[in-house]
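Enquirer: Sequence:
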Amino acid sequence: MAHNTDSTNDLDKIQREDHDDRSANVTTSNPSLYDKSQSLVDIANNTFKELCRTLENEQSKLMELEERRKKLQEEMQRLKQEIEEEKHTYRLNLVESLTENAEAMSAKSMETDEGSEIKNKLYTCYEADEIANATGTSPASYSADEDDNKHPNEIARSIQKKLQSVVAECVIEQCAYDEPALETEILDKPST
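Residue numbering for the sequence shown is 0 to 191, as defined by numbering that gives the first Met the number 0.
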């Protein structure tokens, strides 16, 4: 039986050694698996952090670009408004200048003109009206759409002519109002 006890002890000893070998294998093999999995987790975490930083940088750049776009859009609107105001001011100044020039020319011509000149101007104004009525247009009509395609100097000349005719009519009417006898003399005077 002693032999039997020895063999049991031997069996226990072998099982213990076998168990110790397995434990040793598990502890020695686990660190390498743990290291590999831990390094993969670290790599994934680092990659994720880099992606987050890149995303934040791109978002901040996008926000900056959006702010710049808004500022540029506001600047563009402001410039458009300034251009429209300048166009309006230019047109007003042009009309004012042409009116002043027409008045000055009319006043100058009235100083040097004799009665026959006034009659000729009056006749010319009414003749232009008759021709315009025959063609279905009005000489005093003003179309901004038509003038937008013309050069500003052409527009200025056209407006100047129209203003001169209107001023001439006004001067003639004023003269007739101030001196009705003069108008009668002028109209009765034979033209040469």
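By construction, these hints were calculated from the structure, which means they are not laboratory data.
Since we're looking at a predicted model, the values are computed, not measured.
Glycine included, each C-beta is placed from N, C-alpha and C at the ideal position.
Mixed in with the good hints there might be a few duds.
[Stated by the list, open to error] Derived DSS-like pairs: lysine-lysine, alpha-carbon spacing no greater than 27 Å straight-line:
1) 70 / 86
2) 107 / 70
3) 70 / 60
4) 149 / 161
5) 69 / 79
[Claimed, not checked] Simulated restraints, written as ranges between beta carbons of each label pair:
6) 43 / 64: 47 to 53 Å
7) 34 / 72: 40 to 46 Å
8) 84 / 47: 53 to 59 Å
9) 102 / 65: 33 to 39 Å
10) 42 / 64: 41 to 47 Å
11) 85 / 153: 57 to 63 Å
12) 59 / 88: 19 to 25 Å
13) 47 / 73: 34 to 40 Å
14) 54 / 91: 22 to 28 Å
15) 152 / 172: 29 to 35 Å
Enquirer: Confirm or reject each hint.
Expert: Structure-based check of all given hints:
{"no.": "1", "hint": "70 / 86", "result": "holds (24 Å)"}
{"no.": "2", "hint": "107 / 70", "result": "violated (54 Å)"}
{"no.": "3", "hint": "70 / 60", "result": "holds (15 Å)"}
{"no.": "4", "hint": "149 / 161", "result": "holds (16 Å)"}
{"no.": "5", "hint": "69 / 79", "result": "holds (15 Å)"}
{"no.": "6", "hint": "43 / 64: 47 to 53 Å", "result": "violated (31 Å)"}
{"no.": "7", "hint": "34 / 72: 40 to 46 Å", "result": "violated (56 Å)"}
{"no.": "8", "hint": "84 / 47: 53 to 59 Å", "result": "holds (55 Å)"}
{"no.": "9", "hint": "102 / 65: 33 to 39 Å", "result": "violated (55 Å)"}
{"no.": "10", "hint": "42 / 64: 41 to 47 Å", "result": "violated (32 Å)"}
{"no.": "11", "hint": "85 / 153: 57 to 63 Å", "result": "violated (20 Å)"}
{"no.": "12", "hint": "59 / 88: 19 to 25 Å", "result": "violated (43 Å)"}
{"no.": "13", "hint": "47 / 73: 34 to 40 Å", "result": "holds (39 Å)"}
{"no.": "14", "hint": "54 / 91: 22 to 28 Å", "result": "violated (55 Å)"}
{"no.": "15", "hint": "152 / 172: 29 to 35 Å", "result": "holds (30 Å)"}
Hints 2, 6, 7, 9, 10, 11, 12 and 14 from the list above are not met by this structure, while the remaining hints are.
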